[in-house]
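Grab the two chains, each in its own frame, and use the hints to assemble them into the complex.
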Amino acid sequence: MLRYVIKRMITIPFLLLGVASVAFVLSQMTKGDPLAALLPERMMSNPEVVAAVKAEWGLDQPLPVRYGIYIGNLLQGDMGTSFTTRRPVAQDIAERLPATLELVIAAMIVGSSVGIGIGLLSARFKNSALDIGTRGFALLGSSVPIFWSGLIFLYIFTVRLDWAPGTGRLDARSTPPPDITGMYTIDALLSGQMTTFIEALSHLLLPALILGWTVTGIVARLVRSSLLDSLGQDYARTARAKGAPERVVLLNHALPNALIPVLTILGFTFAYLITGAVLTEAIFSWPGIGSYAVTASRSLDYPAIGGVTIVGATAFLLANLVTDIAYAWANPKIKVSQ
Amino acid sequence: MQHYGNLHGSFVRACVVGALSLGAIPATGEAQESKALVVGRAMDFNSLDPSRSFCDTCQIYLSSVYDTLVALGADNQSLQPGLAESWTVNDAQTEFEFTIRDGAKFADGTSVEASDVVWTFQRMKNLKGSPSFLMDGMISIEARDPRTVRISLESSNSEFLNKLSAPYAGIMNAEVAAAGGAIADETAAEQDQAENWFLSNSAGSGPFKLVSYSPEAELRLARNDEYWGEKPYFAEVVISQIQNAVGQAQALESGAIDVAMQVDADTAASIRSDDVTVEIVPSYNFLYIAFAPGAKGMADVLTPEVREALTLAINYDEMVEFTVGGNGAKQAAPIPNGFPGTANLPLREQNVEKAKQMLADAGFEDGLSIMAGYPNDNVYGVDINIMMQKVQQDLKAINVDLELRPLTYAVWREELYGDGLPMTGLYFAPDYYGAGQYPAYFAMMPGTTWLARSGLDDQETLVNPAAADLYKQALASSGDEAEAIYEKIGLEMMKDNMIIPMVSPNLVLAYRNDIKGVRYSACCNLPLAELTRD
Numbered sequence: 001m002l003r004y005v006i007k008r009m010i011t012i013p014f015l016l017l018g019v020a021s022v023a024f025v026l027s028q029m030t031k032g033d034p035l036a037a038l039l040p041e042r043m044m045s046n047p048e049v050v051a052a053v054k055a056e057w058g059l060d061q062p063l064p065v066r067y068g069i070y071i072g073n074l075l076q077g078d079m080g081t082s083f084t085t086r087r088p089v090a091q092d093i094a095e096r097l098p099a100t101l102e103l104v105i106a107a108m109i110v111g112s113s114v115g116i117g118i119g120l121l122s123a124r125f126k127n128s129a130l131d132i133g134t135r136g137f138a139l140l141g142s143s144v145p146i147f148w149s150g151l152i153f154l155y156i157f158t159v160r161l162d163w164a165p166g167t168g169r170l171d172a173r174s175t176p177p178p179d180i181t182g183m184y185t186i187d188a189l190l191s192g193q194m195t196t197f198i199e200a201l202s203h204l205l206l207p208a209l210i211l212g213w214t215v216t217g218i219v220a221r222l223v224r225s226s227l228l229d230s231l232g233q234d235y236a237r238t239a240r241a242k243g244a245p246e247r248v249v250l251l252n253h254a255l256p257n258a259l260i261p262v263l264t265i266l267g268f269t270f271a272y273l274i275t276g277a278v279l280t281e282a283i284f285s286w287p288g289i290g291s292y293a294v295t296a297s298r299s300l301d302y303p304a305i306g307g308v309t310i311v312g313a314t315a316f317l318l319a320n321l322v323t324d325i326a327y328a329w330a331n332p333k334i335k336v337s338q
Numbered sequence: 001m002q003h004y005g006n007l008h009g010s011f012v013r014a015c016v017v018g019a020l021s022l023g024a025i026p027a028t029g030e031a032q033e034s035k036a037l038v039v040g041r042a043m044d045f046n047s048l049d050p051s052r053s054f055c056d057t058c059q060i061y062l063s064s065v066y067d068t069l070v071a072l073g074a075d076n077q078s079l080q081p082g083l084a085e086s087w088t089v090n091d092a093q094t095e096f097e098f099t100i101r102d103g104a105k106f107a108d109g110t111s112v113e114a115s116d117v118v119w120t121f122q123r124m125k126n127l128k129g130s131p132s133f134l135m136d137g138m139i140s141i142e143a144r145d146p147r148t149v150r151i152s153l154e155s156s157n158s159e160f161l162n163k164l165s166a167p168y169a170g171i172m173n174a175e176v177a178a179a180g181g182a183i184a185d186e187t188a189a190e191q192d193q194a195e196n197w198f199l200s201n202s203a204g205s206g207p208f209k210l211v212s213y214s215p216e217a218e219l220r221l222a223r224n225d226e227y228w229g230e231k232p233y234f235a236e237v238v239i240s241q242i243q244n245a246v247g248q249a250q251a252l253e254s255g256a257i258d259v260a261m262q263v264d265a266d267t268a269a270s271i272r273s274d275d276v277t278v279e280i281v282p283s284y285n286f287l288y289i290a291f292a293p294g295a296k297g298m299a300d301v302l303t304p305e306v307r308e309a310l311t312l313a314i315n316y317d318e319m320v321e322f323t324v325g326g327n328g329a330k331q332a333a334p335i336p337n338g339f340p341g342t343a344n345l346p347l348r349e350q351n352v353e354k355a356k357q358m359l360a361d362a363g364f365e366d367g368l369s370i371m372a373g374y375p376n377d378n379v380y381g382v383d384i385n386i387m388m389q390k391v392q393q394d395l396k397a398i399n400v401d402l403e404l405r406p407l408t409y410a411v412w413r414e415e416l417y418g419d420g421l422p423m424t425g426l427y428f429a430p431d432y433y434g435a436g437q438y439p440a441y442f443a444m445m446p447g448t449t450w451l452a453r454s455g456l457d458d459q460e461t462l463v464n465p466a467a468a469d470l471y472k473q474a475l476a477s478s479g480d481e482a483e484a485i486y487e488k489i490g491l492e493m494m495k496d497n498m499i500i501p502m503v504s505p506n507l508v509l510a511y512r513n514d515i516k517g518v519r520y521s522a523c524c525n526l527p528l529a530e531l532t533r534d
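Those protein sequence lines, which keep their order, are chains A and B. With our numbering, the residue at position 246 of the first sequence is 246, and numbering never jumps. With our numbering, the residue at position 188 of the second sequence is 188, and numbering never jumps.
No incorrect hints appear here.
Listing some non-contacts, in silico: residues in chain B with all C-beta distances to chain A over 12 Å:
(1) Glu-95
(2) Glu-97
(3) Thr-110
(4) Arg-307
(5) Asn-315
(6) Gln-350
(7) Ser-521
List of simulated lysine-lysine pairs, DSBU-like, C-alpha gap at most 30 Å:
(8) Lys-330(B) to Lys-356(B)
(9) Lys-54(A) to Lys-296(B)
(10) Lys-296(B) to Lys-31(A)
For the record, the hints were derived by calculation from the structure and aren't laboratory data. Ideal Cβ positions, reconstructed from N, Cα and C, are used throughout, including at glycine.
The shape of chain B in the complex, shown without the other chains (with noise of 0.2 Å):
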């Protein structure tokens, strides 16, 4: 009996039947039935070079075929063996020391050796592109033999080893992606002209190897045979665009895609199929405000006392309602809930008695006006636009007059970049598990994103400098140490009121009930090859 593939719908199947049975078409059954995954998804790749890829998806893709020295566990906190099968740290975590998993090799056949590391880590510095940050402070990197390389850092960095775990660092082949056009020496900035060759190219040791891409279509992958560790259950993995939840519900609905993780709570709540399993867990993730005193206009307005007036008018519990209908949680300070110093932060609370109090003290005892601009975008289910608008409600209760303008990303980065927006709404998710990247972006500390971005031109001013000691001391410690710290780095960022989360949004999985396996990961959103079919 001809078997017809996987055709959906007794419409399809009529006019195959119907067809054949005239005896008029000649069916070649060319169109196989597979067991390959299918995760419906709304791509954002930047690019398929680990060096210079950025993105949600590209997580998953780059933990799925590049493997990482480290990985971060399946507890999403804990640090595992990776490439490396060891590694030592010297007590200044200064010095990294990593020797490479014998056997490993990859998709070609050809072992993984220490010089791959070197070469991948040295492109990774020198492309400067926008992972590159990851290797910030790395002042050597050698092969000592052709299975151990040596790592060392300008200062102490007890997060290097959880940059080590992020996606973007997976070690590739270095005779194939430099065959590919990749160059890792200190040209690469400008002669390297291997990203078209990663579109269709991979050069890893991960379980998966890519097959094919087709930006805005699919993503194929398929199993490495030559993987080191246990082989994937999927033989074909595909990544196929849909855009929109309500797509990815249908498709999900009708079988046509097994897993979805960008599927809001509210449409996950129509989902009426018995055949689909929806799960609903705290994300790592989260959507904030955050002040540009520097912005035009703003230099006597946006003090901290006006600040601190504004975050207090805020009612952060009815935030979570408003945006994502209690599908989430209230987050302290700019470090997600769940990393290391985050558990006894005090939430914020609205007072809107003192807020007004604080803005008459502050000379705006008839209230002010604030523009607030921001994407005009809907990401992790939350809409920045009804987040912003509850923002806003809930200034006006202080007499606050904040004037929303949502704008294209494009439009939203250059007003950033020109003469500032004063208030703003963003979102964040993390690169890898560790609470050394959020100071690092957020905090008001010489370098970071967003002191820069305050606008000020004396940014002294704004500078923390209690935020800046405690970093340095929290990247020269470990453990415990070092997760106390960044509590009272969490606290000081507080203090600061220039970055207010506003929500972190829980994370619907949405995925056919045959499909075990899926689960959130911190580092790398969805573990492909972890998955099975019952």
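So here's chain A without its partners, still in its complex pose (with noise of 0.2 Å):
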């Protein structure tokens, strides 16, 4: 096992780079002026203006010459300077991912849970009300839109009843814990600060419940209709030969088995997150990597661009080699591949 990691681990660096070609190239082909993000629109008149700028970002370079230095500052970890924000990428980055990782690890175990719960509820009560209703509550979550169910929420929650505070990570006029791991409920815990550990928590609750329940909807239709496929297999029916009542038979046999393809769904929607959350970042004004990601593309930022593909790339690889490892792990007679 520790042979294959290893493997994968070292193949991880050479796929990014190839990752990062394939993201220059498209990126330059897209239609589109880059200078858009470089100079206000009143500025792209003047040829003096326009030169100065073109030459300080260094695009008046042939596209060889703007990939070489692109790639040979990547080898030496530099992403290169974001258009919009004027900032190093890999600093922006490193600023946003840290509130995303908070977002989606919270929204994860609100959805998992949940949705493992649900999808054990449906399949115990196949066909009754209890599952018609919790299938449908699923059901709302992978299909109601982000950008509508927020809006109502916050507006049910924060201006109706004043049960959860507006949006952002902590309230404007609050001072973040000071930075250890960018998460603020981790750092808030970790230095003592509880009032604002809770403030932060707070603030948490509404965007991870609201992503969460996207998550509830694709795991509790899985967890369904595996146990449901589960249930009907052999070694249930042995087991409930033997006795064993029919809540042992789901946790004890059933689930184990049913919930190895949830894993790969998890892992898979983990690493989509980490640069999909667009939408509950936007709503919730939560400055992560996936409202950066919108901002970089619409306005051709090259560098921030690239920035993001690497990471979403990473997330993704590294997903799945933890997937893989959880598989072998939850399942001993799958064996990963030496």
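The structure is reproduced here in structure tokens:
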């Protein structure tokens, strides 16, 4: 197993280099003027200003030269400087990634635990009112657009009921905790700032619930169908024949097997949400990777697009690796290829 | 009794009280309540460097942190002393001499000197950044003594003082900025490395100073205790990123923010909280359509007669209703209502019959097809898509088929400077109070942006010599005389039928009832230093 993990880890940098190259070429081929992010519209007709900006950002160089410089810098850990924020892309990502991770981890905890619970109930009480109700709830989660549910939840729970705080990671008047991991809840805990911890947690709750609801829908349906499949297998029938109560058959025999495909989905969903929580981040003014990616793509911010692509690719590669390892751990019959 | 900060929501309070009553969690009380002013905004910063930045939020930031030599008064028209306590201008409007205010200090406590002004303006000119046009025509600048600056222009420019009131012309502490990598000499465009430094530092003498900036999250300012004028009420100001109008309105209602300026009229109408004041005031912003006769295939189509016919087909009254629900105004020429020269300009009116006749006379009895490409954005509360749909609807009445192509901003710019866009829709907000910036950008005069964007190889055919002459006269005169000339320029621009204003949207000022002093400034959007809390 260790050899397998090391082998996979070694291939990751090469895969990332390929991904970065493809992202660079594709973004350069995309229709649009990269000066859009660098120059206000009114300055575009000033040839002196245009020339100065092109030279400053290297846009006056031919494509192969730009590619060479980009890859050369990348190999030294330099992702370039963002056209929009005017800061090193690595710095932007380092600031935003913890915010996204905090949100996605919270959403995954909420979504997977509720989703597994709902899947269990649905399978156990198949075709009952409870099954229909919980499946409906799960279906809503994956069907209702986040931009709608986010705004409605904010209106109900923040504006009307005053149960939850507004947007952002903290109240704008509060000071963030010392930067240790970049995740405010964790950093506040590590620093012993309990008020800040509770404030950060309360700000995290609503976006995590909204995002987690989408995960719930996916997980619940998968768990239900997997469980129903497992409950019809020989080993479940044998357990029943040996007198095991249905609860034991469900939890001890069927569930462990049913969760194996769920691992794949959870791994994939986690990686997807790292760059895919765009709408949640936009609605809740959550300064994460998703909103950064949207701004970058709208303004053809090549360096930032490249940086986000690398982060997304890394998330998928690592998630695949972790899923493979978890698979082998969860099901001894599955052996990873050496 | 422990105070738990400004946590909103009984859920949160219940968590806090519950946790503490169990004795499980020691509260350190680090998130102390403060009286910080919070402004919710979709920040559009392109830079925090005064000589590079150019955006609406930049105007708020720069006017709070960097003082200008002259300042725009609260009446949005008159110029008042800023860092310069007095100034003189020669009759030809070519020589300007400023006396720096005695006792004016930068945030680090050092005195503002004439050499700082010289350094700032030289850097702005040499850096060739976005606001460098403000220094166009400056042939020399010298510090005659520590408190006196003299600027010479190559030709008359009665707009120069107005330009100096733009927030981008804020004076920097030369020594501090230079230590951060800023360069003012002729090598600035290639050698200046200070842009990153300005993202976490400021070097001004304004009422506030920069504390921190996190793109797409927040910008924090602190009161400048060295400020020479009346100290601002708020010790701390936070501009908090909230991207959309609905989010800003909700945050305002919940008390998370104190002021929002990007709430459109429709969203403002949905605000139910009694704790929020909503004011709707006229703005100096406007949205317009523009023609490019030189766009591919349009040379024999967008003739002056056809352009006039197209403008006659548009129902401008309905446009104001359609785009902003009546919360706006018609605008005659591409000079905003309320600016010099606009008071007596005749507003455009729809005349479908005349439009049809003109099209027929131009040889288009069977109508014609035109493509309109425009940024697919919502600006100043106006959805450009909606605006263009109204244009499309009106042109249909004269048998003109308008193909709409909403584009991302980057693609729009590429197409504009590629084959050209026969028609486009865009927006404009003033950089300072003064009518001169409009002909300099919109009029069919040599060197203007929109003459270049016409796309014609032979731009001479579009040049309006009367406008060019009038513009020279306007820059050489001032006061009522200049205003009368700007009116004539406005009429000339209307005759050209190249830039057609569609609507000047009103601005919604939404703020918590306890905030006083909120107003719209033509140069600076929101003067933060004037705000107080009851």
